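Quick note, the sequences are listed as chains G and H, same order.
Residue 14 in the working numbering sits at position 14 of the first sequence; the count goes up by one each step and never skips.
Residue 183 in the working numbering sits at position 82 of the second sequence; the count goes up by one each step and never skips.
Don't take every hint at face value.
Unchecked claim - Computed spacing ranges between beta-carbons, pair by pair: (1) Leu240/H with Ile2/G: 35 to 45 Å; (2) Arg125/H with Gly89/G: 17 to 27 Å; (3) Thr95/G with Pro194/H: 17 to 27 Å; (4) Arg87/G with Phe199/H: 14 to 24 Å; (5) Arg87/G with Phe251/H: 47 to 57 Å; (6) Thr95/G with Ile159/H: 52 to 62 Å; (7) Phe235/H with Arg87/G: 41 to 51 Å; (8) Arg228/H with Gly89/G: 44 to 54 Å.
As the list claims (entries may be wrong) - If you only want the chain G side, here are some residues facing chain H, beta carbon under 8 Å, derived: (9) Ile8; (10) Leu24; (11) Val30; (12) Met31; (13) Ile32; (14) Ala52; (15) Leu57; (16) Leu65; (17) Val81.
Worth flagging that the hints you see were computed from the coordinates, not collected in a lab.
The structure presented is a predicted model; accordingly, all values stated were derived computationally and were not measured.
For each residue, glycine too, the CB sits at the ideal point set by N, CA and C.
Below, each chain spelled out in residue letters.
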Amino acid sequence: MIVPLNHILLVAAALFFMGLSCTLMRRNLVMILIGVEIMLNAAGLVLVAGSAFWQQLDGQLMVMLIMGVTAAEVAVALAMVVYLHSRTGSIDVNTFKDLQG
Amino acid sequence: MASLLFYLLAATALLATLLCITRRSPVHAVIFLINAFFALALMFYLLGAPLIAAWEVIVYAGAIMVLFLFVIMTLELSPGSQRPALNRRQVAPALLLFLLLLVSAGLILTIDPAGQAGVPLYYASPRSFGAALFSRYGLAVKIVSFQLLFATTGAYYLGRRRKVRQGEESS
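Work out the full structure, taking the sequences as your base and the hints as a guide.
Here it is, written out as structure tokens:
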């Protein structure tokens, strides 16, 4: 690979920013979760690039563990989205601003 | 050749992600995100992580995104709601984040001279990957598997409680 590490970091930073802005600016709960997914993938790109740069396996192993954690997170989060939708009939975050208990 | 391919894939991933976060309909967003994940998987492969690339396609694009699609289609969301898709009060913090991104990108490009060197060729064979995963990170594997079990239980509990609640309301 002739690609400098800086360029990979730039791509990952841009991806991370897009995920963060999606999480901040969207109202849809599903889109907020999608933003979290984008951010996790950007972090995974940095880990794999570091793994190749220092010739160590640990970065790739971390990505593997992140994937397991993400699968668990998405399962619970989407179950909560379905639960909230059945409770209020909407997945707009502004609906849940007065959520109590 | 490989670097040209890498830049093409990076452009594809960035463009698909940009289209994903600006779509109004969540279904379109998920489709674009799957596209971005395929490009990311090929980037992982070029960086010497074939196993991660396969899991990116199988787990992320194959399982997680299909779960998203399943939930979106279960909820039968109306694609164009009356309210605007963006939270307008949050535009200012997002612009601030964009400025931070520009500053950090400038710092990455100018200050760090070690990053100018090309990423060396590296290939992690599945054998060494598995050996390292189950020897050095054995405890982490157990913790993640426990967490998956807890998540399954939690998702089952949330789904079950909804049914009970509906039964109470109807009766």
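Structure-based check of all given hints:
Hint check: Leu240/H to Ile2/G, Cβ distance near 38 Å, so the stated range 35 to 45 Å holds. Our hint of 17 to 27 Å for Arg125/H and Gly89/G holds, since their Cβ atoms are close to 19 Å apart. Between Thr95/G and Pro194/H, the C-beta spacing of about 21 Å keeps the proposed range 17 to 27 Å intact. For Arg87/G and Phe199/H, the hinted distance range of 14 to 24 Å is not satisfied, since their beta carbons lie about 35 Å from each other.
Remark: the range hint 47 to 57 Å for Arg87/G to Phe251/H is contradicted by a beta-carbon distance near 23 Å. Thr95/G and Ile159/H have their C-beta atoms about 35 Å apart, which leaves the hinted 52 to 62 Å range violated. The beta-carbon spacing between Phe235/H and Arg87/G, approximately 42 Å, falls within the hinted interval of 41 to 51 Å. Distance hint check for Arg228/H and Gly89/G: the Cβ-Cβ separation is about 52 Å, which falls inside the suggested range of 44 to 54 Å.
For Ile8/G, the interface hint holds, since its Cβ comes within 8 Å of a Cβ in chain H; the closest pair sits about 7 Å apart. Satisfaction of the interface hint for Leu24/G is found here, the shortest Cβ-Cβ separation to chain H being roughly 5 Å, below the 8 Å cut-off. Given the 8 Å rule on beta carbons, the hint for Val30/G holds: about 5 Å separates it from the nearest Cβ of chain H. Contact between Met31/G and chain H, as hinted, is supported at the beta carbon level, the nearest pair being about 6 Å apart and thus within 8 Å.
With a least beta-carbon distance of about 10 Å to chain H, the hint placing Ile32/G at the interface is violated under the 8 Å criterion. A distance limit of 8 Å between C-beta atoms decides the matter here; for Ala52/G the minimum to chain H is near 4 Å, and the interface restraint holds. Interface hint at Leu57/G: satisfied, since its Cβ lies 5 Å from the closest Cβ of chain H, which is below the 8 Å cut-off. Given hint, Leu65/G at the interface with chain H, holds; its Cβ is 5 Å from that chain's nearest Cβ, closer than 8 Å.
Taken as an interface hint, Val81/G checks out: its beta carbon lies about 6 Å from the nearest beta carbon of chain H, inside 8 Å.
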